[in-house]
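Okay, here's what each chain looks like letter by letter:
There are 2 protein chains.
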Amino acid sequence: MNKFIYMFEEGNREMRHIVGGKGANLAEMTKIGLPVPPGFTVSTDACKNYYEEGRTLSLHVKEELFTSLQQLEQKTGKKLGSVQNPLFVSVRSGAVFSMPGMMDTVLNLGMNDETVIGMGDLTGNPRFAYDSYRRFIQMFADVVLGVDGYFFERELERYREDKGYKTDPEMQTEDWKIMIDIFKGLVEEHAGKEFPTDPHEQLLLSIEAVFDSWNNERANIYRRLHHIPHDLGTAVNIQSMVFGNMGEDSGTGVAFTRNPSTGEAKLYGEYLINAQGEDVVAGIRTPQPISTMQQAMPEVFAQFSETCKRLEEHYGDMQDIEFTVERGQLYLLQTRNGKRTAPASIKIAVDMVEENVLTKEEALLRVDPDQLHQLLHRRIDEGFKREVLVQGLPASPGAATGKIVFDADDADRLVKEGEKVILIRPETTPDDIHGIIAAEAVVTSRGGMTSHAAVVARGMGKACICGCEGMKIDMQKKTITMGETTLSYLDTITIDGTTGEVLAGEVPMVEPELSNEFQLLLTWADAHRRMKVRANADNPEDAGKARGFGAEGIGLCRTEHMFMDAARVPIVREMILAETMNERKEALRKLLPMQQEDFTGIFKEMGDLPVTIRLLDPPLHEFLPDKEELLIEVTKLEMHDPYGEKTKEKQQLLRKVRELDEFNPMLGHRGCRLGMTHPEIYEMQAKAIFYAASSLKLSGQSVSPEIMIPLVGHVNELKAMRRVVVDAAAAAAEETGVNIEYTVGTMIEVPRAALTADKIAAEADFFSFGTNDLTQTTFGYSRDDAEGKFLQRYVDDDILEANPFVKLDQEGVGRLVHMGVSLGREAKPGLKAGICGEHGGEPSSIAFCENESLDYVSCSPFRVPVARLAAAQAAIKKAQTPLSV
Amino acid sequence: MNKFIYMFEEGNREMRHIVGGKGANLAEMTKIGLPVPPGFTVSTDACKNYYEEGRTLSLHVKEELFTSLQQLEQKTGKKLGSVQNPLFVSVRSGAVFSMPGMMDTVLNLGMNDETVIGMGDLTGNPRFAYDSYRRFIQMFADVVLGVDGYFFERELERYREDKGYKTDPEMQTEDWKIMIDIFKGLVEEHAGKEFPTDPHEQLLLSIEAVFDSWNNERANIYRRLHHIPHDLGTAVNIQSMVFGNMGEDSGTGVAFTRNPSTGEAKLYGEYLINAQGEDVVAGIRTPQPISTMQQAMPEVFAQFSETCKRLEEHYGDMQDIEFTVERGQLYLLQTRNGKRTAPASIKIAVDMVEENVLTKEEALLRVDPDQLHQLLHRRIDEGFKREVLVQGLPASPGAATGKIVFDADDADRLVKEGEKVILIRPETTPDDIHGIIAAEAVVTSRGGMTSHAAVVARGMGKACICGCEGMKIDMQKKTITMGETTLSYLDTITIDGTTGEVLAGEVPMVEPELSNEFQLLLTWADAHRRMKVRANADNPEDAGKARGFGAEGIGLCRTEHMFMDAARVPIVREMILAETMNERKEALRKLLPMQQEDFTGIFKEMGDLPVTIRLLDPPLHEFLPDKEELLIEVTKLEMHDPYGEKTKEKQQLLRKVRELDEFNPMLGHRGCRLGMTHPEIYEMQAKAIFYAASSLKLSGQSVSPEIMIPLVGHVNELKAMRRVVVDAAAAAAEETGVNIEYTVGTMIEVPRAALTADKIAAEADFFSFGTNDLTQTTFGYSRDDAEGKFLQRYVDDDILEANPFVKLDQEGVGRLVHMGVSLGREAKPGLKAGICGEHGGEPSSIAFCENESLDYVSCSPFRVPVARLAAAQAAIKKAQTPLSV
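From first to last, the protein sequence lines are chains A and B. Numbering follows UniProt numbering, with no gaps: position 625 of the first sequence is 625. Numbering follows UniProt numbering, with no gaps: position 736 of the second sequence is 736.
Note that these hints are calculated values from the structure, not bench results. One or more hints might be untrue.
Which copy? The list can't say, so a pair holds if one copy fits it or any two copies do.
Using 25 angstroms as the maximum straight-line C-alpha spacing, the simulated DSS-like pairs for lysine-lysine come out as follows [as the list claims (entries may be wrong)]:
| # | residue 1 | residue 2 |
| --- | --- | --- |
| 1 | Lys477 | Lys656 |
| 2 | Lys472 | Lys627 |
| 3 | Lys807 | Lys719 |
| 4 | Lys646 | Lys636 |
| 5 | Lys477 | Lys646 |
| 6 | Lys656 | Lys636 |
| 7 | Lys403 | Lys360 |
| 8 | Lys309 | Lys360 |
| 9 | Lys193 | Lys627 |
| 10 | Lys31 | Lys759 |
| 11 | Lys62 | Lys184 |
| 12 | Lys697 | Lys590 |
| 13 | Lys184 | Lys360 |
| 14 | Lys832 | Lys590 |
| 15 | Lys648 | Lys193 |
| 16 | Lys877 | Lys166 |
| 17 | Lys646 | Lys472 |
| 18 | Lys636 | Lys648 |
| 19 | Lys472 | Lys650 |
| 20 | Lys650 | Lys627 |
| 21 | Lys648 | Lys627 |
| 22 | Lys636 | Lys477 |
| 23 | Lys472 | Lys648 |
| 24 | Lys478 | Lys648 |
| 25 | Lys477 | Lys648 |
Since this is a predicted model, take the numbers as computed values, not measurements.
Could you put together the complete structure from these sequences and hints?
Here is the structure:
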């Protein structure tokens with residue numbers, strides 16, 4: 001027979017899945033001898049049983065319940081329903097995962113016309129007893145019988161008006177007795193039955209009500225939002241009541257063992273003398289800072305401080321505690337790990353190591369790497385209450401304020417005049433690049449996380465919101481409309497690229513910080529991690545930033561952004577539109593010194609750290625004008641001046657754009673497929689790399705270029721492209737007289753590459769898993785299309801556990817990564833392998849990489865500290881996992 | 001030490017890789033005692049050695065060569081260079097894979113000023129001897145010394161003119177002697193050295209020349225075209241000469257053992273009395289049919305017929321034979337399996353079973369399934385010499401002739417007036433569907449094998465060419481230009497959808513045939529195959545065709561083509577453009593009876609055979625007007641009538657089109673993702689299936705619907721969509737009172753589905769591998785983009801072995817299919833699995849399916865006979881393969 005109920009003494013903190021989070025902590029505190037009012041927990045198993053039995057408490061559960069109640073009565077020396085020595089209990093839900101405020105609570109259970117007298121006698125305060133009684137009726141009616149509190153409030157209001165009272169404290173014992181009768185009448189009227197005066201009946205009904213509340217609408221929505229399984233059920237904690245409102249030697253409060261905002265090692269919180277928890281919440285009286293308790297109740301404060309310390313040491317973490325003082329006696333009602341800001345999280349972890357509460361390993365595991373991220377960007381002050389006009393995709397993190405502009409030229413001009421601007425466009429193209437560079441941030445109404453705007457902005461570490469479909473842009477009127485609000489050219493807005501939110505006007509900001517504690521924590525992380533952390537960086541600025549954040553190399557240097565520079569786009573187009581190989585080579589000849597300069601800058605920043613350079617990847621049409629805009633232009637020209645020179649010129653351009661146009665560019669003529677059909681482009685790029693490396697080597701700096709061929713699906717592609725690079729290296733060495741050490745590897749970013757990794761390894765010095773594209777092809781999702789159209793819904797509806805572009809899908813994509821690494825290393829033991837998709841900066845994905853024995857992760861510069869910590873956590877956890885698993 | 005040279009007696013037909021195809025067959029014929037002029041083969045190993053040694057014959061090879069020559073001299077009793085009894089040899093290349101005419105041959109080697117006298121004496125015909133000598137000089141000079149034959153022809157011409165001769169036969173012995181001197185002078189002049197008179201030197205130089213010819217340009221191009229490895233090398237056959245030009249009792253000819261065109265069991269070929277092989281080729285004299293040899297040389301003919309029979313029995317196949325008769329003595333110079341037409345191939349295989357030459361298994365293996373395909377479509381007469389105007393992608397097989405039209409309405413109107421038309425469009429859309437139905441065939445200049453035109457035409461079994469980029473369409477002038485040729489509206493063209501070729505005018509056609517032999521062969525195939533063969537069919541006509549060809553069910557019934565019917569497109573658009581759920585449901589309510597009618601028709605055709613119906617798959621924007629055309633229209637309207645009603649209406653339509661527009665539709669909001677966000681569509685389709693099935697069941701016909709959910713990537717998608725189908729089934733059963741047996745399964749067409757097939761199997765009654773899309777996602781290729789832009793080049797350059805959309809890529813995609821089947825069956829033993837991509841009709845892919853133990857293949861109706869044969873071949877071969885492999 002199952003056991004359904006556990007006395008607090010029987011449980012511990014490991015039993016969260018049976019007795020819920022709250023029950024587990026109450027049990028744990030009881031176990032270590034802290035003053036917890038006695039009680040027991042009706043387990044989640046009982047809840048499941050309740051639903052299995054068609055929403056009925058089974059006989060078995062009821063029997064255990066009354067046995068447990070007897071034990072509680074023995075322990076407290078009180079008895080439920082007794083007039084002389086009545087026991088009162090609270091009934092609180094306590095789920096496995098915290099669902100704050102989502103389910104119901106009943107306090108003071110056990111009250112009736114007899115026990116109220118006993119309480120009055122015992123406390124010497126009949127008025128308090130009757131006040132408690134009427135509160136209980138109202139709460140019970142609301143929670144258990146479904147009678148809205150409004151009816152009770154209205155009658156109380158009427159009564160006070162009749163009596164001429166302004167506040168409740170003016171109500172006397174007799175007044176409350178009258179109200180109790182009125183309240184009972186209300187119950188009968190609205191619930192259609194008498195208020196139950198039998199405390200045992202009250203208890204059963206309350207437990208049922210809590211179980212029922214597991215399935216109420218708000219709980220269901222909350223679980224959906226937070227991806228909590230619906231079949232876990234909730235536990236119910238039955239705990240003997242203690243009263244903080246028994247006079248000046250009583251009180252109640254909430255405290256953190258350290259400051260949750262700054263991390264300062266000092267009690268933080270507030271309390272009220274002579275009050276119950278409700279009063280704190282109701283906000284009628286202003287609570288006092290916890291520090292003042294030292295003077296008001298010195299002994300209790302000392303005991304409380306001592307208890308906080310014990311709890312922290314016991315849990316090895318900062319605690320969030322609810323307590324009540326009843327006549328000078330401290331009781332703990334709840335403890336849990338306290339939520340905290342990112343700076344606090346770091347400071348607490350570091351301090352606790354210095355206090356010998358935590359080992360460094362434990363401290364490293366305490367800090368949520370995702371939380372660090374916010375510290376690395378300018379951000380909106382947490383204290384500021386946001387009024388969000390519209391929300392788009394959080395395409396590039398950070399916050400920015402500026403005046404609205406709709407055109408790259410305007411942006412450029414205004415910034416030169418000293419303004420700060422935010423560039424708003426339906427989409428961006430390479431033509432807008434000078435505007436993006438000038439602007440503080442970019443917002444687009446179309447496109448996803450991999451759109452031009454998103455990729456360029458992330459590359460520049462500039463805030464960006466994409467796919468902001470709720471923002472209607474009128475390019476002619478130069479306005480944006482979001483719901484009721486319309487803003488115009490040069491109006492000021494603030495955007496939060498971390499959340500995707502757009503706010504009106506200017507708002508308070510916090511600058512990024514890398515505190516001493518943060519630095520220290522990261523040095524510990526470095527000592528504990530096995531994997532290297534590199535950054536994705538395409539230019540010297542980002543490379544510099546990355547080194548500043550501790551990157552140990554560049555894992556992905558995309559060369560296409562160099563092609564998108566405004567000054568170069570005309571030459572790139574010349575190359576694309578070339579009709580003859582000579583014309584193309586001439587354009588490439590002009591590009592070469594520019595590329596060389598790019599590489600020189602990056603190599604200089606990175607010193608002898610490895611720099612993985614990916615040769616040109618995107619389809620060529622990305623460098624041409626937008627087809628739709630051109631089509632409109634040509635249509636207009638054809639109507640006005642059908643035989644004009646400009647018409648002909650644009651028609652020809654349109655023809656070329658159409659020729660290069662693709663149905664599915666993601667799966668089209670790009671990556672090494674471009675190198676295969678236009679080896680002269682890759683040759684130029686390789687030469688630029690070797691020229692840059694050679695001249696640096698001559699000046700005494702050694703460099704470590706790793707040349708990466710994108711989108712390889714068959715070993716023969718890599719073989720051919722490797723040959724182009726090797727030949728370019730030989731030619732460059734011949735010309736410069738300098739030999740450069742280099743390696744040639746490939747991205748693994750289409751399933752076929754992973755499936756045939758053994759073959760591909762033969763031609764590769766390294767593998768870099770491009771998990772963005774690998775996720776797209778493994779799922780068959782175009783990220784740009786999926787995120788706006790169905791992916792969010794999939795995540796909301798629990799079809800998928802998480803957005804696979806954010807967290808690596810270990811079950812599917814991960815299986816391919818596993819095959820890729822193992823097949824590759826079977827064929828070539830010790831083959832270097834890393835990851836350079838955006839997952840490289842996401843903690844759960846980093847843990848996966850550690851378990852797959854990758855050599856490094858590479859992520860955006862701002863994510864490097866996150867990755868350093870996450871890699872350390874993964875290594876520590878892996879070491880802790882028994883080998884047999 | 002390697003052996004480099006093999007006497008014919010030492011070889012056999014298994015040694016093709018060492019002695020080449022010709023050498024192996026000469027050895028085999030020698031082995032079985034047929035009259036082959038003695039000789040030996042210098043092996044491919046010698047060729048490789050020649051290249052390894054820097055294009056030099058090593059001492060070792062030379063030593064073996066002279067030993068072999070001595071053996072040959074002993075065998076023939078003649079001696080190279082001897083005046084009394086000279087040996088003459090031919091030197092012919094013979095590669096592992098036939099490369100006809102690609103490499104060089106030298107005849108009559110051994111001739112010089114002395115041996116020519118010996119030959120004159122021996123033959124009693126000095127004129128013949130000197131003629132042979134001058135021919136040898138010319139041939140040797142051309143092949144070995146690189147002197148163009150033109151110089152020799154010119155001098156001969158001049159001499160004849162001087163002498164007043166009109167033809168060579170007027171030349172006398174003395175004339176030839178003079179020419180020989182002149183020819184020798186020409187060699188010295190152009191080759192810069194004397195003509196080598198030492199026969200041993202001649203032999204060495206000739207062997208080197210053949211080895212060199214392995215690497216000449218035309219040989220290299222040929223190998224690239226036919227995907228023959230470059231490192232195989234060629235063998236050289238040295239064979240004693242026999243002379244067919246020694247008088248009326250001599251001759252030479254070429255024959256097939258059966259008619260290669262019809263398969264009739266009768267010798268077929270031609271010969272010339274008193275001639276050498278050259279004369280047959282030169283076409284100066286007209287050869288006689290081989291049958292006349294019976295009267296001219298009855299004994300030889302009898303011997304030849306007997307020999308042919310022996311060869312057929314020995315090789316178990318029809319032979320293509322070269323022979324020479326020297327003074328009444330028959331010699332065989334070559335035999336090989338003869339090329340034949342598809343009807344001949346079938347007839348020969350069936351006849352040979354009846355003649356007890358072959359077992360049924362052997363006969364089944366003799367017929368190339370790919371060749372059958374041409375018999376199932378109307379085709380251009382093989383005898384007709386094509387002048388191809390332009391070539392596009394062979395999107396749907398078959399040939400058709402008709403007048404050019406550029407517009408679906410024109411097509412429809414003209415066909416109603418009794419014309420035959422071919423519809424030419426840049427691309428087609430659902431708006432063109434009535435034009436496609438009316439036309440004989442469709443040609444588009446854009447789009448690939450999966451474009452709208454291609455898919456619709458294949459579905460209708462109508463010839464189609466897509467992506468015909470060499471055809472410039474001028475829609476305004478109504479002309480098409482292909483190279484120099486421009487054709488206009490209503491000009492007649494013929495297209496061959498099997499090859500992608502466009503021809504001018506009308507050309508002779510052959511109607512499809514299913515001969516008795518063909519039928520018989522297929523019944524044998526049915527008895528030998530394990531896998532079922534189903535067809536992909538979307539309408540009753542195709543279903544009927546499929547059954548006619550022997551399909552055992554429908555493996556893929558696409559429902560989107562039903563949506564594309566011209567009458568329905570407006571309702572489908574109503575559904576898509578609906579602003580409210582009610583509007584959408586109203587449109588679906590109108591579509592339901594139409595869908596029901598579709599399914600009723602198909603079920604009626606298929607009886608109780610299984611019918612797998614795939615619920616709606618393509619993205620909704622495919623049913624809307626083309627974005628570009630609409631954009632042009634709106635741009636024009638905005639200029640002419642910016643505030644008009646029509647402008648507003650079109651602007652709104654454009655907005656919706658843009659809203660649904662996708663960057664990568666292939667990876668977008670389609671398949672079950674559509675069903676997940678619009679379950680009402682799948683619900684309507686499921687109900688239409690169950691209503692159709694119910695009413696048929698009531699009328700006494702049982703049906704077997706299998707409902708297939710497309711594009712599942714996560715088991716939760718299938719789970720949710722399965723629920724929609726199950727609920728629709730229950731609702732329909734409730735309404736109709738009829739219970740229908742059905743199953744619900746899924747396509748495995750994205751890598752993630754294959755990788756997590758164990759999970760997905762839990763919700764699936766069957767798997768159908770959609771290898772078209774699986775190939776696209778595994779390679780990361782958009783078929784529409786790849787085929788035109790780089791895929792053909794990949795195949796030409798041997799980056800890929802074959803187009804993976806034609807032949808299943810077993811290494812990559814096949815690995816996923818393997819995982820899908822094995823994981824699926826691990827989780828659910830005996831899970832039914834089939835393939836419904838176009839690979840289902842391709843022999844090598846069918847063999848793969850057999851080896852992976854799939855239950856069925858499904859292909860287009862016209863491919864069903866091909867698949868029946870290929871499945872039988874696969875089963876036979878699998879049974880022959882030792883288990884340990």
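25 angstroms Cα threshold - placement of lysine 648 relative to lysine 636: both (12 angstroms within a copy, 19 angstroms between copies)
Checking lysine 31 and lysine 759: alpha-carbon separation at most 25 angstroms within a copy, between copies, both or neither? This pair counts as neither: shortest intra-copy Cα distance 60 angstroms, inter-copy 43 angstroms.
Status of lysine 193 relative to lysine 648 across identical chains (alpha carbons, at most 25 angstroms): The answer is neither: 87 angstroms in one copy and 62 angstroms across copies each exceed 25 angstroms.
25 angstroms Cα cut-off: does lysine 472 pair with lysine 627 within a copy, between copies, both or neither? both (22 angstroms within a copy, 20 angstroms between copies)
Up to 25 angstroms between alpha-carbons, please classify lysine 184 paired with lysine 360: within, between, both or neither. Classified as neither: same-chain Cα gap 59 angstroms, cross-chain 96 angstroms, threshold 25 angstroms.
Checking an output row: lysine 807 and lysine 719, CA cutoff 25 angstroms. Within, between, both or neither? between (32 angstroms within a copy, 23 angstroms between copies)
Please work out whether the CA atoms of lysine 472 and lysine 648 approach to 25 angstroms or closer within one copy, between two copies, in both situations, or in neither? Between copies, since 17 angstroms is at most 25 angstroms while 34 angstroms is not.
State whether the alpha carbon distance between lysine 656 and lysine 636 is at most 25 angstroms within one copy, between copies, both, or neither. both (19 angstroms within a copy, 23 angstroms between copies)
25 angstroms Cα threshold - placement of lysine 166 relative to lysine 877: Neither, since 61 angstroms and 99 angstroms both go past 25 angstroms.
How do lysine 477 and lysine 656 come out at 25 angstroms by Cα distance, when the copy is not named: within, between, both, or neither? Only across copies: lysine 477 and lysine 656 sit 22 angstroms apart there, 32 angstroms inside one copy, limit 25 angstroms.
From the Cα coordinates, with 25 angstroms as the cut-off, is the pair lysine 636 and lysine 477 best called within, between, both, or neither? Both ways: lysine 636 and lysine 477 sit 21 angstroms apart in one copy and 21 angstroms across, limit 25 angstroms.
Is it within, between, both or neither when you check lysine 62 against lysine 184 at 25 angstroms Cα-Cα? neither (27 angstroms within a copy, 121 angstroms between copies)
When the structure is compared with the earlier hints, violations turn up for hints 7, 9, 10, 11, 13, 14, 15 and 16 and for no others.
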